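Next come the chains, spelled out residue by residue.
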Amino acid sequence: MNVLLDNLSLYGEGLLGTVELTVYASLLALFLGFLTAACRVAPVRSLRAFGTVWVTVLRNTPLTLLFFAVLLGLPRFGLVLPFQMFAVLALGCYTSAFICEAVRSGINTVPVGQGEAARSLGMTFPQTLGDVVLPQAFRTVIPPIGSTLIALAKNSAIAGSFSVVELLGTYRTLSELGYSIIWTFIWIAVGYLIVTLSISALFHVLEKRWGVAR
Amino acid sequence: MTTALYDVPGPKSKRRHLLYGAGSTVVLLGLLGWLVYLLFHTGQFTAQKWTPFLYKGIQELLLRGLGNTLRAFGYAAVFSLALGAVLATGRLSVHRPVRWVSTALVEFFRAMPVLVMIFFIYVALKAEPLTALVAGLTLYNGSVLAEVFRTGIHAVERGQGEAAYALGMHKTQVMTHVLVPQAVRAMLPTIISQLVVALKDTSLGYLITYEEFLHAGKLIAANLDYGLPFIPVVMIISPIYIGMCMLLSWCAHWVARRQRRNPKVEAVEVGAAEPGTLLPGGP
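Chains as they are written, first to last, in the numbering used here: chain L, 215 to 428; chain Z, 1445 to 1727.
In case anyone wonders, no lab produced these hints; they're calculated from the structure.
A couple of the hints might just be wrong.
[Stated by the list, open to error] Under 10 Å between C-beta atoms, here's a sample of chain L residues computed to sit facing chain Z:
#	residue
1	P289
2	N322
3	Q341
4	T342
5	P349
6	I372
7	T387
8	L391
9	A403
[Stated by the list, open to error] Not everything, but these chain Z residues come out facing chain L in the computed CB check (under 8 Å):
#	residue
10	A1555
11	M1556
12	V1567
13	A1568
14	E1572
15	T1575
16	L1651
17	I1675
18	I1681
19	Y1685
20	C1689
21	M1690
22	C1695
23	H1697
Remember, it's a predicted structure, so these values are computed and weren't measured experimentally.
Idealized CB from N, CA, C, for every residue including glycine.
Build out the structure end to end from the sequences listed, making use of the hints.
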C-alpha cells in the first residue's frame, strides 16, 4: 500500500501520461479512421486503393515495429519531435486502420434500400448521407469503436519502453528505489483497469443513448 | 458495387469521378515521390548502409532472429489454444465456483495490457525472456480465445443441443460430439485472426531483450560502422513481418469463405475473420 502513497506524484504523472497518450491518439485515430473509411467507400478507384493499402498494411504491422520505425526511423529524415508526439503518431495511425474497418462495416450494414428510398424522395447526396445513412451507421459502430479504443489504451503501454512518460514505465523508477515489485505491478494494473473501465463505461453510456434498439 | 451511399453513376458522374480519380492519383503519386525524394536526399541508399546485408554474419543474425520469432509464436499459439480450451470449458461449466474462477481469470487477463503481464513475469518473477514472452502471450490470447470458443458454442442453434439431449446423450457427449465440432469450424476464421495478433505481439519480445527479429534488426541499425542504417533495416524487416501476418490473415479469410459454403456448419453463423478482441460485447 505504501508503494502507492509514497509515490503518488510519480503514479499520477504516469497515469496522466497514459491518459494523455490515449486521448490524443484516439482523436488522431478517429480522424484518420473516418477519413480512410470515406476513401474506402468512395466511387473513385485510386482513393479506394489507397484506403485498402492503408488498412491492410497497418492491420498487419506489429505495433512494436511501427514504434521502432516512427520513433527511431523518422528522426533519420531530420524530423525531430517530442517522443510523446511520435508515440501518438504511431498509436493513432495503427488504430486508425481498425477504426476504418469498423466504420466501413457500419456503413455496409445500412440496407441499400434506405439510400434508394432517400434518393427517390428527392434528397440530395448530403441529405442522404447526413440524414439517412450516417445516423444508422453511427449506431452500429459504437461498440466496435469502443473495443478498438480500449485496445488503444492497452497498447499505449508500449510507449513506456520508448522513453515516453506513462504508467508502465514507472516500474523502473520504483524498482530502483527498492520498493516491492509485486505491489508496484499491482498498482500499475489498477491504473490500467481504471483507464480501460472508464472507456468501457463511456461507450456503454453512448450505446445506451444512441445504440441500435434490438 | 451497390451501396446505400450513392446510385450507379451515369455518364456525367462517371466523367466527374474520372476527374476526381486523376486528381487524387496525382496527389498520392506526389506524396510517394516526395517520400522517395526524402529517402535519397537524406542518403538512405548509400552503399555504406546497404552492404552490411551482404555479409554472411548479418544474414545469419537476421535469420536467427526470425527463427526465434517463429519459435515464440509456435509456443504461444499452441499454449494459448490449450489455455483457451480449458478456460472456455471452465466458463461453460455447470459448477458455479469453477465458472466464477474462470470468468474472473478471463476478464482480468483480457483487461490487462499484454505488455504489463510480460514485464511482470520478466521483472517480478525473473523468468527467461522467452518464457516471459510466451507466458504473457498465452495468458492474454488464451483468455481471448476462451471467449471466442464460448461465443462459438453459444452461436450453435439451440435445436442442435436439444436434439442431442433428446437422443439421450449426456452433457459431455453433447459438447464433444455435437456442439464443439460445429463451434470450432464456425469460429476457425476468428481463431486464426487471433493467432495473427499473437504473431504480431511476439515483437514485444524486443522490449524485454528477447533475441527475436526486431532485436536483430536493432543490433544492425545501431552500428556506427554501417552509418546507423535504421531506415534500411526497417525497409528489410517490415515487408517480412507484414508479409507473414498478411499470409495468416489471408488464411483466415480463405477459411471463412470455405466454411460459409460448408454444409457441416449450417447450424452456426460463421465468425468473421476479425481478431477475437473485436467480438461483440467485450474489449
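Determine which of the earlier numbered hints do not hold for this structure and return their numbers in increasing order. Of the numbered hints given earlier, those the structure breaks are 3, 5, 7, 8, 14, 15, 22, 23, listed in rising order.
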